[in-house]
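**Student:** So you can see what is in the structure, the chains are spelled out below.
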Amino acid sequence: MSPNLRIAFRFLTAKKRAMLMSLSCTVLGVGLFIVTQATTSGFEEFFVRTLLGTDGAMRIEDRKQSTLQSMEAAGGTGAHILQREGVKYIEGVEEPQLIKDAVRNFANVRGVSAVLRGNVQVTSPFKTEDAQIFGIKLDEHRLVSELERKITTPGGLGKFLESTSAVLMGRVLADRLQLSVNDSISVSARGETRRYHVAGIYESGSRDIDKTRIYLDLGEARSLLRRPTGATFVQISLHEPNRARQDAAHMEDVLGHSVRPWQEREKEWLSVFRALRVSSAITVTVFTLIASLAMFNTLAMIVLEKTKDIAILRSMGYERRDITQIFLWQAAIVLAIGALLGGLFGATVTWGVSMVPLPINTLFKTQTFIVSWSVWHYVQAIATAVVMVMVASLVPARRAARLEPGDIVRGTAQ
Amino acid sequence: MSTVVPPASAPRVGDLALRCNGLQRYLGHGEGRVHVLKGVSFEARRGQVYAIVGPSGCGKSTLLYLLGLLDQPDGGEIEINGQPMSNSDDFARTAARGAHIGFVFQFHFLMLEFTALENVMMPMRKLGRLTPAEMEARARSLLDSVGLGAKTHRLGTQLSGGEQQRVAVARALANQPSIILADEPTGNLDVKNSALVFDLLTRLAKDNGQAVILVTHNPEIAQRCDVTRPMRDGLFV
Numbered sequence: 001m002s003p004n005l006r007i008a009f010r011f012l013t014a015k016k017r018a019m020l021m022s023l024s025c026t027v028l029g030v031g032l033f034i035v036t037q038a039t040t041s042g043f044e045e046f047f048v049r050t051l052l053g054t055d056g057a058m059r060i061e062d063r064k065q066s067t068l069q070s071m072e073a074a075g076g077t078g079a080h081i082l083q084r085e086g087v088k089y090i091e092g093v094e095e096p097q098l099i100k101d102a103v104r105n106f107a108n109v110r111g112v113s114a115v116l117r118g119n120v121q122v123t124s125p126f127k128t129e130d131a132q133i134f135g136i137k138l139d140e141h142r143l144v145s146e147l148e149r150k151i152t153t154p155g156g157l158g159k160f161l162e163s164t165s166a167v168l169m170g171r172v173l174a175d176r177l178q179l180s181v182n183d184s185i186s187v188s189a190r191g192e193t194r195r196y197h198v199a200g201i202y203e204s205g206s207r208d209i210d211k212t213r214i215y216l217d218l219g220e221a222r223s224l225l226r227r228p229t230g231a232t233f234v235q236i237s238l239h240e241p242n243r244a245r246q247d248a249a250h251m252e253d254v255l256g257h258s259v260r261p262w263q264e265r266e267k268e269w270l271s272v273f274r275a276l277r278v279s280s281a282i283t284v285t286v287f288t289l290i291a292s293l294a295m296f297n298t299l300a301m302i303v304l305e306k307t308k309d310i311a312i313l314r315s316m317g318y319e320r321r322d323i324t325q326i327f328l329w330q331a332a333i334v335l336a337i338g339a340l341l342g343g344l345f346g347a348t349v350t351w352g353v354s355m356v357p358l359p360i361n362t363l364f365k366t367q368t369f370i371v372s373w374s375v376w377h378y379v380q381a382i383a384t385a386v387v388m389v390m391v392a393s394l395v396p397a398r399r400a401a402r403l404e405p406g407d408i409v410r411g412t413a414q
Numbered sequence: 415m416s417t418v419v420p421p422a423s424a425p426r427v428g429d430l431a432l433r434c435n436g437l438q439r440y441l442g443h444g445e446g447r448v449h450v451l452k453g454v455s456f457e458a459r460r461g462q463v464y465a466i467v468g469p470s471g472c473g474k475s476t477l478l479y480l481l482g483l484l485d486q487p488d489g490g491e492i493e494i495n496g497q498p499m500s501n502s503d504d505f506a507r508t509a510a511r512g513a514h515i516g517f518v519f520q521f522h523f524l525m526l527e528f529t530a531l532e533n534v535m536m537p538m539r540k541l542g543r544l545t546p547a548e549m550e551a552r553a554r555s556l557l558d559s560v561g562l563g564a565k566t567h568r569l570g571t572q573l574s575g576g577e578q579q580r581v582a583v584a585r586a587l588a589n590q591p592s593i594i595l596a597d598e599p600t601g602n603l604d605v606k607n608s609a610l611v612f613d614l615l616t617r618l619a620k621d622n623g624q625a626v627i628l629v630t631h632n633p634e635i636a637q638r639c640d641v642t643r644p645m646r647d648g649l650f651v
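Keeping their order, the protein sequence lines are chains R and C.
Heads up: the first sequence begins at 1 in the numbering used here, then just goes up one per residue.
Heads up: the second sequence begins at 415 in the numbering used here, then just goes up one per residue.
Worth flagging that the hints you see were computed from the coordinates, not collected in a lab.
Using N, Cα and C, we set each Cβ at its ideal position, and we do this for glycine too.
All clues stand as given, with none of them false.
Sample of chain R residues facing chain C (criterion: CB under 10 Å; computed from the structure):
(1) Phe-11
(2) Met-316
(3) Arg-320
(4) Glu-404
(5) Asp-407
(6) Val-409
Please model the entire structure based on the sequences and the hints provided.
**Tutor:** Printed below as a string of structure tokens:
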């Protein structure tokens, strides 16, 4: 053990109460930082996971067409100059197969599925509800959503594959219509009514989706909605969803269609989560600020009480930087213990919070408080504590190093 | 910045260990500024014990701190073992203190969280000339020589005033410095302990060929020194 570390340890253990106060503040700072990050990002990550698992990372929607205006050239030659005026959006994807083939060439693309959407009325023996048909090819759609995992009824997607008259229905809509698996329904669109049966009921995690959306085979949906060609949109899943913005911009240039990444599609909710994150960041910064102030206070107190020891160390040949190190070591010891205990405290409280019952059934569906387990929360908490506590410790440490031994011995040290 | 401080050479009685010439020092600021040392010159040789005596406020302790490189003069020169130190930076002065100078203060200034043994090892650990085992052996030997061989593992708080001062003497000798500076080393002790500490200091210093300079108000102690230098109003008289 280096002499400076040995001295630091003894100085610290001699001030047990002050050291325990600093340690408690550091443990609380690190622990609460972790808990706040875990709870804030828990809901955000769950929301993002829910929407990625349902609506994919990107959607290719309307075709973009440049609009031009022409001006007659001067001189009466009859020649016209074409000038780009703006962009016109043509609803839907006219050639979904071409788009799908092109999209599959992008390295980050995991799956592509063309979807035909239309408004319908669904009637059960009990009542009638408005809904939306989503025509899909199940093999393709499995790759762009977590539909398979979200089926809550026995048999999964098996029954849906058996027949083109099978539908998958959201839990909320099924409850409203008092339907179970194998029950029949009538679906009306464009003046025509057809009968289908419920092959499975899913829970996407989003109530808005579960109360309106019915999945149907794409061919049957074309027939019902009288749309023999085209698609409403093409849904895409990505290997790295966070790169959706860059990929969307690239695809938009290449494909001539508007491409909406999930960040843009859900920007209202994401901005709410961002505001929550900033709010929690301010809170956790206050926690760590308190920890650093406690450390500053403890070290400042030790400096005041140890001026004679500083003088004797300096008289024995200890340099100014040794004195600085002795005080920084004290902060480092408290930080090391505080980070370890704070991490354990944070993990325990995070686990406890994750057990708290909190039924939510609106934006997403959960029965308990959602937390996020990420090693980065621990790294960030410890890094923040290290920076703030060490910065706060520098002032008393430098003050201790600046003390002149002669002034201390003479009793005139300031 | 790195400054090479030569190790204390083998003790040779009579060698010049310390010299100062025309030392000036002011203390305080503004109207309270006082001219404490008014051109003091002094020499100390190895194996000799010097007493600086004089009334309170005459500048004895200020001179001692300047000679010990704990303070910087406003004028004049200081040489430690032939090395000019007056204009040296803090790093060089600190290195010189560690290698050449041992201090004994009136209020002993032991580090109370450490044992007697650790206190004596503290300067050796910084200097780093010896291995940990050699440091411990030397510290034990020094504590033995000051009569505290049985109390090496007692904390500073578990020692009496006289014992603490004896530990301070052992600590001052730890790095075999060529100069021992003692500021009222017996000022806080009873007669018996005063005599004990003074005898220790002088015997060990003489044995090792060290120059001992002590500031004292005690005329009996001063009389027993090899050289007595009375001071008044910032000058030797």
